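Take these sequences, add in the hints, and give me the full structure.
In order, the protein sequence lines correspond to chains A and B.
In terms of this note's numbering, the first sequence has 255 at position 255, counting the first letter as 1, and numbering is strictly consecutive.
In terms of this note's numbering, the second sequence has 359 at position 359, counting the first letter as 1, and numbering is strictly consecutive.
In short, the hints are calculated from the structure, not lab data.
Check before you lean on any hint, since a few could be wrong.
Calculated lysine to aspartate or glutamate pairs in the EDC-like style (CA-CA distance at most 16 Å, straight line) [unchecked claim]: (1) B:K455 / B:E493; (2) B:K459 / B:E493; (3) B:K225 / A:D415; (4) A:K163 / B:E515; (5) B:K104 / B:D25; (6) A:K163 / B:D497; (7) B:K463 / B:D497.
Far from chain B, by Cβ distances over 12 Å, these chain A residues were calculated [what the hints assert, rightly or not]: (8) I4; (9) G62; (10) G99; (11) V139; (12) A165; (13) D203; (14) Q216; (15) Y421; (16) P530.
As the structure is a prediction and not an experimental result, all values here were calculated from the model.
C-beta: ideal position from N, C-alpha, C; glycine also.
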Amino acid sequence: MTFIGWLQIAALFLAVLAAVKPLGLHMVRVFTGERTFLSPLLRPVEAGFYRLAGVDERKEQGWLAYTLSMLAVSIAGFVLLYAILRLQAFLPLNPQGFGNVAPDLAFNTAVSFVTNTNWQNYAGEATMSHFSQMAGLTVQNFLSAATGIALAVALTRAFARSKAATLGNFWVDFTRANLYVLLPLAIVVALAFVALGLPQTLDASATATTLEGGRQVLSLGPVASQEAIKQLGTNGGGFFNANAAHPFENPTALSSLLNIFAMLVISAALTYSFGQMTGERRQGWAFLATIAILLIAGVGAVYWAESAGNPILDELGLDAAAGNMEGKEIRFGMAGSALYAAVTTGVSDGGVNAMHGSLTPLGGLVPMFLIQLGEILPGGTGSGLYGLVVFALLAVFVAGLMVGRTPEFLGKKIDGREMKYAMLAVLILPVAILGFSAVSAMLPAAVASIGTPGPHGLSEILYAFTSATGNNGSAFGGLSGNTLWYNTTLGLAMLLGRFAYVVPVMAIAGSIAAKVKSPASTGTFPTHTPLFVGLLIGIILILGGLQFFPALALGPIVEHFAMLAGTTF
Amino acid sequence: MSSMPSHTHAVSDAPEGVRRPGLLDPAIIVSSIGSAFVKLDPRQLVRNPVIFVTEVVAALVTLFFLRDLASGSGAGFSGQIAAWLWFTVLFATFAEAVAEGRGKAQADSLKRARSELSARRLGADGRTIETIPATVLRIGDLVLVEAGELIPGDGEVVEGVASVNESAITGESAPVIRESGGDRSAVTGGTMVLSDQLRIRITVAPGSSFVDRMIALIEGAKRQKTPNEIALTILLTGLTLIFLIAIVTLWGLAGYSGTVLSVTVLAALLVTLIPTTIGGLLSAIGIAGMDRLVRFNVIATSGRAVEAAGDVDTLLLDKTGTITFGNRMATDFQSVPGIDPHRLAEAALLASLGDETPEGRSIAALANGEYGVPTPATAPDVVIPFAAETRLSGVDIDGRRLRKGAVDAVLRFVGIDPAVAPPEFRQAVDRIARTGGTPLGVCEGDRLLGVIHLKDVVKPGIKERFARMRAMGIRTVMVTGDNPVTAAAIASEAGVDDYLAQATPEDKLAYIRREQEGGRLIAMCGDGTNDAPALAQADVGVAMQTGTQAAREAANMVDLDSSPTKLIEIVEIGKQLLMTRGSLTTFSIANDVAKYFAIIPALFVATYPALGTLNVMGLASPQSAILSAVIFNALIIVALIPLALKGVAYRPVGAAALLRRNLLVYGLGGIALPFIGIKLVDLAVSALHLV
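The structure is reproduced here in C-alpha cells:
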C-alpha cells in the first residue's frame, strides 16, 4: 500500500462526497415536480411523452399499481430486448454480420440487462451488433436504472407522507429519472469519456499494423456512450469482453476514476434525496456514513490483501513489494484496481478493471461479500437505497425493542406486517445464492464449467450466483457461463434478486405510507446518530456474515489459509 | 370524577397483603418440570416456530441415533446430540411452565372462591327470593347480598350502602364503601359485604367476570400473542428459515469438496444457529410481564395494552387526587380596604357554619386558629347549601346574610360590576389564582368583605415522578376543571408539561383524539362513568377498582389499589417487557458468531486441515466442539430464565443511552460470552470423556 494509492482512493471519495448534495437536491426537485434548470428544455419533451402514452401525471398510484406499472415496463423491456437479440441478423447496424443470439443466451442477456445486472455470458465484440448494443443493451441500461430510481423514490415518499394511500405515479417518476437525471449525466460523462480517449463511432473496426509488421483488427463501436450509462446506471455491462480492463473501454487511470465516480454518484446522492424528501436530512447523512464506512473498509481490505500478495510467490524470490499484480492492468495499479473491485461490487455495478478471479483469496472474498451484504453500499441506482432501508427497518426493530418501545423509523411504527415483508425480501439472497450454488456444486454438468478445481472453483460458482442475485454482473472469471444450465439458472437468480426482492419492499412502502407519522420524543430512539450507524453496520455485517460464512469458509477462506500453509488451487 | 385514596409504590416492593411466590420457588420448579413435558406436544409447540423446528430436528436426530445404535457405529455421539437437542426443547417449555407456575397458586384460590359462590336471586315480583348457584346468574338478574355474604357476580348496586371487603381481589384488607348511584356503585363477584345489605344488578355474564378474566390472565391460558410479539416471531421465523437454507445448502457445497456431512452434525449446527435462546424464552417473557403487572395489583384485559403502555407518549392525569390531595384548604384571608381582617375571618367562619366539606372545615380552622375567632354557639337560622346555579353558599344568622362563593357570583350577589370592583380586591383575586389557589369571595348583605385563599396542595414527590416520566420520553398532561390561570400555576408547581383547563369529559375525549391523530399514544386513568368514553378512546386506559362498572368496562386495565400514579409503573413494566425481548434477541443472534467458530472448522478440518486455524477456541476435537456448542446452546436457555422472568432493568435515561448500554451488554456480551462458555463446556466434555 502506498501513500499515492491512498491519495487516489481519498480523492475519489471526496469527489463523490462533493457531488452528493447538489445531485441529491436536483433529484429532490425532479421528483417533487419542482422546476429545474433543465425544465425549459425537457419539460415539453416530458409532457409530450405523457400525451403520447395517455398518462395523467397528476394521478398518483397506490403501491400495487405502482409495482404493476414497474413490472409492465420490465416485462416489455425484456420482450423487446429478447426480440432484438434473437433477430439481430435481420436488423440494421450489423457491420460485422453477427448471427442471431442463441435462445438461452438471449434469455440470460435480456434478463440480465432488464434487471440492471449486466451479467454477460458473451463477448460483446464477438456477439453483439451495434444495433443490439445501442438499441438493445444501452436502452435497457437507461430503463433498468430509471426503474430502480423510481422505486427508491416511491419508498422515500412512503416515509415522507402520513396516512397516504398513494406513492406517486410510476410513469412520471420513471420518465423523469430518465430525462432529468440519467440522460443529462450520461451526455456529460460520455463527452468526458470521448475526451479521455474512448472511441465513439459506428465503424466496426480498425486494422492496425503492429510493430512486428503483423496485422491486427481492433474492434470499435459506440463505446463512450455505452460506457457512460453503464456506470451511471450501475449496469456494468461492458462493450468489450474485457470490460473496463480493455484499453478502449478504460484507457487511463483518470478514465478509471471517472468510471468509479460515475457508478457511485447517483446511488450516493439518493441517500441525500431520501433525507431531504422525508424531512430528516440527518438520516440521509447517517445512511451515507454507513455506506462510506463499509465501502472504505472493503476498499482497504482488498488493497491490503492485494498489496500483501501471495507468500508462496515471495518465497520463490519474486519482489514482495509488487503485491499481487496477476490479472491487474499496470496503468491502474494496485490502488486503482482495489478501488474499482470494491466499489463495483459495493454499488452493484459489475464492471471490472481487473480480473476478480485473480485476486488473492481474501481480496476476492471482499467483492463477493460486498455483494452478499445485499448490494447496499451504496448499491444499484435506487435498488441500493431500498435495500438499505430494509436493513434499517431490521436494525430499528431490534434497537426499538431494546429501548422499550414499539420500533419506529422516521416516525412510522414498524410492526408484524413490515417485518414479514422485510424478511421475505431478505430471504431471497440466501435462497438464490446458496440454493443455486449448492445445486450447481453437486451437478456434474455444472461443475464441468468451472475453470479451476478445488475451493477456487467453488468460489467461481458462488460468485456467479452471488453476482446474479445481487444484480451486480461482475464475474469471477474462470467459469464458462454460456451453457444452458448457467444461462437459465443465472437468469432465474437475477429475476429473483430483482423482482422477488422489490415486490415485498413495495408492499412495505404501501404499508408505511398508510401509517401516521408520529413525532419523535426522548423515548424514541434516534436513527441518525453514530450509535445507530454502528448498529446498522453491525446488523448488515452479522446478517450477511451469518448467512454466508459457511459457504465462504469452503471457498475463499479455506483458500486463504491453504495459501498461508503453502498450497494453491 | 371523585377524589380517591392514593398509594404509591416504589417499583421494587410488592403491595402488602398479597403473598406471592419468589422468583424461583422450589415448589413451582418441581411442578413445572411435569408441565414442561406436557408442553412438548407438537400441536402446542407449533405456535413457537423456532422451538418447533428444534423439536422436529431433535426427533430426526433421534431416528439417526436409533439407526446408529442398530448398526453399532458412533451411536454415542449422535445419542448425546439427540439428548441435548431434546433438552433444548425441554428447557424452553420449562421456562414457559415456570412463568405460568408463578401465577397458578393465586389463580387456584380465586377459582375455589368462584366455584363456591351462590346467589339469592330476586324474583320478577321483587319479593320472592330463590337461592341458586352463582354460575347460572344472567345479566340483568337482581340479587340480594347481606352482611357476611359473598357477592355472587360483577354488578352494580341499585339499592343500599354497605362496606365491602375486596381483599380477595385487591389484597387490601381495609373495607371500601359501595353505594347505589354515583361513582362507587360497582361491585365485584367474590368480594364480601361486611355491613348492611345491597341489592345488586348483575352486569356481567358468568365466565367473563372480573375474577374470570383475572384467572385467565394469571394462568396465561388465554394468552394471545401481542402485535409486537407477532412481529418478533416473524423475525425469528425468518432467521430460522435463513439458517435452514444455509445449512441445507451447506450439504451440497461440502459435497463439492468431497465432504459428506452427517444429518447429526448439520442438525447440531442448525439448532445452535437458529435463535433458540429468545425463541425458548419468548413466551416466558410475555407471561412474566403480565405477572409483574399483577404483582403491582393491576389487571390488564390484554397483553396488547401492556405493550402499548411501553409506547405511551402522553399521559393524561386528573389534577384532583392525583397531582394534588384533592381537598383545597384555606390558607389566608384578604380583606378589602376598610374592612378589618378579623371581621372578614368572622364572616368567613359564619358563612361556613353549614359547610361540612373539607374546604369549609379548613376555613373554620383558619379563623379559629390564626385569627382567634371562636365558633358561635348559636345555630344559623337558615343554611344555604352550595348550588351549581348560584355558585354560592352561606347562612342567615341573627338577620345577617353571610355568603361565600365564586368571586363573580359574590360580586353579582352584592351588585358590583366586576370591572369596578375595588382594585385591591381584584389584585388579591388575581394573585391567588396565579399562584394556583382558588379565591373565594366573602360578603355580608351587599357589602363585599374580602377573599379567602384556598389552596390546592400538590402532593410531595409528584414533581420528581413527572421528571422521571420526562426522562422516559413521556409528556404529562394535567386535566382539571380549574380556570386556565389556576391550572397553569398548579401545572408549574407540579412540573407537568401541559394542562387542560376547564376540561369537560368531552374536552378530554377531544384532546385524546387530537393527540392520536398526531400519531401519539395516550394513557389515562379515571374512575367515573363520565370518564368511560375517554378511557375507551385512550390507548391505555386504567380504571380504578373503586370506580364505576362503566369505567372498568371501558378501560383496558384495572388498578386494584386505585392509585392514579400507578400509570408510571405500568409504563415501566411495558417498556421492560419489550426491552427484555429485544435484549435477548440481540444476545441470541450475537451468540451465533462463536458457534460458527466452534462448528465450521470441526466440520471441515478433515477435508481442509488449513481450516483448523479458525478453531480459535482451541476445542479438543471436532466432535467435542460440536457437542459443546449444542450443550452451551441448551444451557444458556436455563441460565437466562431468571432474567426472562425478572426482566431487563429499565432506567429512564433516554433512548440512546439505554440502547448503548443494552448493545454493550447483550450485543458485545452476546458475542464474547459463548467463546468462553463453549470453551468451558468443551473442557468439561473432554475431562468427562463424553466423546
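Hints versus structure:
1. B:K455 / B:E493: This hinted pair holds, its Cα atoms lying about 12 Å apart.
2. B:K459 / B:E493: It holds: about 10 Å lies between the C-alpha atoms, which stays within 16 Å.
3. B:K225 / A:D415: Holds, at about 13 Å.
4. A:K163 / B:E515: Holds - the C-alpha atoms of E515 (chain B) and K163 (chain A) are around 15 Å apart, at most 16 Å.
5. B:K104 / B:D25: Given pair K104 (chain B), D25 (chain B) holds - Cα atoms ~12 Å apart, limit 16 Å.
6. A:K163 / B:D497: violated, 28 Å
7. B:K463 / B:D497: Cα-Cα ~11 Å, so holds.
8. I4: holds, 34 Å
9. G62: With a cut-off of 12 Å, G62 (chain A) remains clear of chain B, as the shortest Cβ separation is near 21 Å.
10. G99: holds, 36 Å
11. V139: Non-interface label stands for V139 (chain A): nearest chain B Cβ at 36 Å, farther than 12 Å.
12. A165: Non-interface label on A165 (chain A) holds, nearest chain B Cβ at 17 Å vs cutoff 12 Å.
13. D203: For D203 (chain A), whose nearest Cβ neighbour in chain B is about 46 Å away, the distance exceeds 12 Å, so it holds.
14. Q216: holds, 41 Å
15. Y421: Non-interface label on Y421 (chain A) violated, nearest chain B Cβ at 10 Å vs cutoff 12 Å.
16. P530: The claim breaks: P530 (chain A) does not keep its Cβ more than 12 Å from every Cβ of chain B (closest is about 10 Å).
Consistency note: the structure conflicts with the earlier hints numbered 6, 15, 16.
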